[in-house]
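Two independent chains are provided; combine them into the complex using the hints.
Residues per chain, in single letters:
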Amino acid sequence: MVIQNRFLKLLAYAVLIGMSLFFLMPIYVMVITSLKPLEDVSLSRMWELPQSVSFDAYAVAFSRLAPNFMNTIYLVVPATLLSALLGSLNGYVLSKWKFRGSDWIFTAILFGMFIPYQAILIPLIQFLQSIGLYNTIAGLVLVHVVYGLPITTLIFRNFYASIPDDLMEAARMDGAGFLSIYAKVVFPLSISGFVVVCIWQFTNIWNEFLFAVSITSTGSQPVMVALQNLSGSQIVQWNVQMAGALLAALPTLLVYIFVGKYFVRGLLAGSVKG
Amino acid sequence: MQSKGISKDKWLAFLFLLPSIIAIAVFVYGFISWTGYVSLTNWNTLTPDFSFAGLRNYIFLFNDYRFLSGMRNTIFFTLFFLLGVLAMGFFLASFIDSNLKGEFFFRNIFLFPMALSFVVTGVVWQWLLNPSTGVNLLFTMLGFESVPQWYTSTTIAFGFPFPLGGIEFGIPVAMLAVVIAAVWQMTGFSLAMYLAGLRGIPDEVKEAARVDGASEFHIYRKVIFPMLMPITVSVVIIMGHMSLKIFDLIYAMTGSGPNFVTDVPGVYMFETTFRGNFFAQGAAIAIIMLVLVAVIIVPYLINARKGES
Chain A
12 MVIQNRFLKL
22 LAYAVLIGMS
32 LFFLMPIYVM
42 VITSLKPLED
52 VSLSRMWELP
62 QSVSFDAYAV
72 AFSRLAPNFM
82 NTIYLVVPAT
92 LLSALLGSLN
102 GYVLSKWKFR
112 GSDWIFTAIL
122 FGMFIPYQAI
132 LIPLIQFLQS
142 IGLYNTIAGL
152 VLVHVVYGLP
162 ITTLIFRNFY
172 ASIPDDLMEA
182 ARMDGAGFLS
192 IYAKVVFPLS
202 ISGFVVVCIW
212 QFTNIWNEFL
222 FAVSITSTGS
232 QPVMVALQNL
242 SGSQIVQWNV
252 QMAGALLAAL
262 PTLLVYIFVG
272 KYFVRGLLAG
282 SVKG
Chain B
245 MQSKGISKDK
255 WLAFLFLLPS
265 IIAIAVFVYG
275 FISWTGYVSL
285 TNWNTLTPDF
295 SFAGLRNYIF
305 LFNDYRFLSG
315 MRNTIFFTLF
325 FLLGVLAMGF
335 FLASFIDSNL
345 KGEFFFRNIF
355 LFPMALSFVV
365 TGVVWQWLLN
375 PSTGVNLLFT
385 MLGFESVPQW
395 YTSTTIAFGF
405 PFPLGGIEFG
415 IPVAMLAVVI
425 AAVWQMTGFS
435 LAMYLAGLRG
445 IPDEVKEAAR
455 VDGASEFHIY
465 RKVIFPMLMP
475 ITVSVVIIMG
485 HMSLKIFDLI
495 YAMTGSGPNF
505 VTDVPGVYMF
515 ETTFRGNFFA
525 QGAAIAIIML
535 VLVAVIIVPY
545 LINARKGES
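So the sequence lines, in the order shown, correspond to chains A and B. Residue 12 is where the first sequence starts when you use the numbering used here, and the numbers rise one by one after that. Residue 245 is where the second sequence starts when you use the numbering used here, and the numbers rise one by one after that.
Next up, chain B with everything else stripped away, as it sits in the complex (with noise of 0.2 Å):
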């Protein structure tokens, strides 16, 4: 009819959009821009000084113990943590999915965590990883001599000397207990994901398979693996973006640590900028995160939006 009246509402549907385009605009945009702006300043002090200082801050991080610590951390971290929930979600999504009795129970067991706050869960296994208590004494009445020294543990497994920062470059070992907590935590994200996909995969694609003579390993491998693939990825870049950015858990639950063992980057920028009053230095921090998460984001995203159109 009159296309008039629909150009009309085409502009009233934009002006409804628009409080939020700006929105986002100022608070993310804007707010990214100016954290940017703010990590090239010498803005280190409680009364802002925005004289230029380069890329000071930047260089400073990058030879700083306490922020390639955190790094480090971050990348062993994400690592485990990644293996740990697409393996967990995967097994006992599997599991579940296989007709046994009591599924919606076992679900519903795997998925509570995920309501809960990481502070919570913070509270909580700092008291069951306490080496000198909870699940140590578990060990110990199953007859271990030597117990884990879970958060409390300054060793950097299959450590050698990293070129900057004086810091040591391997495994630290305090961090697994903190990959724990996350995977208990964070495990439903992916049983939920993999049983959505198992539940898609029709019975008939396996039973062809079947027929064809193939074995239940052989099924895994090349069918039900191949179909889960976007799965996967999905989990990985929600889970992976979400472990770069970690924070509450860790100051929750450790703190930096002993050495800064279970320090990481956004751990760190949250002390140095509100408790010691290094803006700029803490902008740089956020804005080395930010790029590490737009890094897989971004990709992400553009192929969302190509899968759509």
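Pulled out of the complex, with its shape left as it was, chain A reads as follows (with noise of 0.2 Å):
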């Protein structure tokens, strides 16, 4: 719809401007929050400027949360390239090599995507003390590559459905197998499946934390983990906990700012239809 009408465009200008004061709202709280001294922190002047600046805040929460944000990052590297991997083999079996049943497969394992997962929790914790990988950083790759198999079988399996039959056809005559296609044909043109599906992988995994809070205790807690720790100790230090939130945020808000394009071509194709 174009806005032609100039007192109406005067005013979506006013609607939007607004809207985005309220959007960037909490942004600028954490940032000019994160940059005072502590004795410049106090509930009446929140919304004023730092009268000087500090690093301090960013020292201490940066001192409590780096381990946990290496785990984080020996997390979400092997966790997304390896749900993305199998998420690309499954969804080229489930859009190219249909088999009777194929289709109800797929959405047997899409409904693993919406469950709680407090519904599988208990299971999921006994199993992994079993195996010996309970409060580790692999029982968590594992669990997050396991549960990320619907989103990437999805992603996958609406992107290849786009690849031409003919061209499968093609390659067949020419002597090609399941793997060498997948390999000659198919891997080559999934470049941006795949850059979406890891930047969502990436994403989710660095950001969520049920799983991280239940399966890992001191020592190989997640970032998240840490930073939802810092804010439920006793004195709540205001400054070092928004300079602690905007560095834990920090990896995915680049992730957004530079390829964010991609980012909200995984949102929409977490609505199934694709």
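Read the hints as simulated data drawn from the structure, not as lab findings. Here the structure is a predicted model, which is why all the values come from computation and not from measurement. Hints are not guaranteed to be accurate.
[Unchecked claim] Which bits of chain B does chain A cover? Going by a derived footprint, with three or more residues having C-beta under 8 Å, they are: (1) 298-306; (2) 339-347; (3) 376-385; (4) 431-444.
[What the hints assert, rightly or not] Cβ pair distances, simulated, as ranges: (5) A:Asn240 / B:Gly298: 48 to 54 Å; (6) B:Phe306 / A:Gly143: 37 to 43 Å; (7) A:Lys109 / B:Pro502: 53 to 59 Å; (8) B:Gly403 / A:Pro89: 48 to 54 Å; (9) A:Leu49 / B:Arg549: 55 to 61 Å; (10) B:Phe306 / A:Lys109: 34 to 40 Å; (11) B:Pro502 / A:Leu21: 43 to 49 Å; (12) A:Ile28 / B:Pro446: 29 to 35 Å; (13) A:Leu60 / B:Ile265: 56 to 62 Å; (14) B:Ile265 / A:Leu190: 16 to 22 Å; (15) A:Ile84 / B:Ile265: 28 to 34 Å; (16) A:Leu96 / B:Pro446: 38 to 44 Å; (17) A:Phe33 / B:Asn521: 40 to 46 Å.
C-beta atoms are modelled at their ideal positions from N, C-alpha and C, and glycine is treated no differently.
Structure below.
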């Protein structure tokens, strides 16, 4: 819809700018608070700019979160790559090598993406304990790979649906089989699919909290659990908390800023139809 | 060519899918069944006790003050959250789609919270909606005499005594603070969906209606709303099922709150299971959450399946 009326146009801008202020308000507060020295942080002057800029809060937050930050990196990188690779193979089979019942199998896999994870948490922990992966990053990697299968399979399946069957036929005529078609035809066409899936998985696993808090304890906790602990401590140092929140959010924010287009594609793909 | 080669490849394809099928069968369906079984036992201590309890854990929950408070809170949270994301997402999408300058800029501002963790959102909004500072400072500056108590309010608006569990049924005002934070974070989803939908409506359709003398309001009501209906349904289902299982945001922002005014089943399950060792009770809560989610998700998935074939 194109707004022609001048007054309406002004009104539209006013609304958009007003809403932008609302959306940016938490970021403003986070940034200015994190730059204040502790004695400058007060309830009544929350909105005021810092009188002097201090990075003390960042130093404290960084020293508290750094080990957990690394834990999250050790978790996110393998979990993202593995779940993307498996999702790609699954999507390939479920779109180009359909067999009787494969559509129902796909639907049954998809269901796993919507369940409240509380419904599998107790047996999951028992299972991880029994194989010695409870309270380890490797255990969390396994969990994120398995429960990431539905979304990665979904995105790749929809993605591969757009590869023309003629291309498959031609490769088959040339004598290519299941694996060589994947390696020579499908995989090279999948780059943007992989980008979308990897960004989506990276963001989700980085931000995830329920598995992180139930499967790990001190030592192997990812950064979001450490951030939550930071805010749960007795004396609330708001500047440290805000600095911590910004540090923990930085990687996914950067991903959004630089490759937001692909992030939004993942977002839309989550609504099943794709 | 050789049909033998193709059938060998078909087997190979199935073989590659098999590990995922087994993983989902065990980790999703197997574990759900096990949780269901645990919910029927007496395992409410640290050491497992698999003696059969029948429906005792469920009966307990449906008379439990905390569980029923959480269910009430979830109902109203879901309601207001959905209204919020649908209205905000639609209006912002329509404005952004009106050929104004800065479209890219505005869209990115409304979408970036989607990239944040609920834990970050919780930490920040906990402070912004702290009754003695944050947003309330702005209200005081604007001259308001009394300011909202946000997530510390114990008021149940339009409340009346509920026959079970001794709770008061009504709108838990404290939940509205969580709704604001959740809408702030998730509006980007409905905005992106509606924007994609609006872009998909050909201009000729609107032009045709306009030539026929329809007013803008009429075009929205008769042309745009109906065409966006499938998107609205998707948003309601995706956001609705998310809000039914919400955990992180509440856990990070408010916890269960005074009188459990901001408690939800997801938080209750986590605390009673892993902090209180009431495993069977936690399992029962989880199964109830699963049923609530399945009621809206299963028809959606079956429908999507039918739409394809």
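Hints, one by one, checked against the model:
Only when three residues or more bring their CB closer than 8 Å to a CB of chain A does the claim for the region 298-306 of chain B stand; here the count is 0, and the claim is violated. Counting residues of the region 339-347 of chain B whose beta carbon lies closer than 8 Å to any beta carbon of chain A gives 7, which meets the minimum of three for the stated coverage. Counting residues of the region 376-385 of chain B whose CB lies closer than 8 Å to any CB of chain A gives 5, which reaches the minimum of 3, so the coverage claim holds. Beta-carbon proximity to chain A at under 8 Å applies to 6 residues in the region 431-444 of chain B; the threshold of 3 is reached and the given coverage holds.
Against the hinted window of 48 to 54 Å, the Cβ-Cβ separation of Asn240 of chain A and Gly298 of chain B comes to about 39 Å, which falls outside the hint. Hint check: Phe306 of chain B to Gly143 of chain A, Cβ distance near 39 Å, so the stated range 37 to 43 Å holds. Taking 53 to 59 Å as the suggested C-beta distance range, the pair Lys109 of chain A and Pro502 of chain B conforms, at roughly 55 Å. For Gly403 of chain B paired with Pro89 of chain A, a C-beta distance near 50 Å keeps the hint of 48 to 54 Å intact.
Between Leu49 of chain A and Arg549 of chain B the Cβ separation comes to about 57 Å, which falls inside the hinted range of 55 to 61 Å. Between Phe306 of chain B and Lys109 of chain A the beta carbons are some 45 Å apart, a value that contradicts the proposed interval 34 to 40 Å. Between Pro502 of chain B and Leu21 of chain A the C-beta distance comes to about 45 Å, which sits within the given range of 43 to 49 Å. At roughly 30 Å, the beta-carbon separation of Ile28 of chain A and Pro446 of chain B lies within the given 29 to 35 Å, and the hint holds.
Roughly 57 Å separates the CB atoms of Leu60 of chain A and Ile265 of chain B, a value that falls within the hinted 56 to 62 Å. Distance hint check for Ile265 of chain B and Leu190 of chain A: the Cβ-Cβ separation is about 19 Å, which falls inside the suggested range of 16 to 22 Å. At about 31 Å, the beta-carbon gap between Ile84 of chain A and Ile265 of chain B stays in the expected band of 28 to 34 Å. The supplied range of 38 to 44 Å is met by Leu96 of chain A and Pro446 of chain B, whose beta-carbon atoms lie about 39 Å from each other.
Here the CB-CB span from Phe33 of chain A to Asn521 of chain B is close to 43 Å, well matched to the stated 40 to 46 Å.
The structure shown violates the earlier hints numbered 1, 5 and 10.
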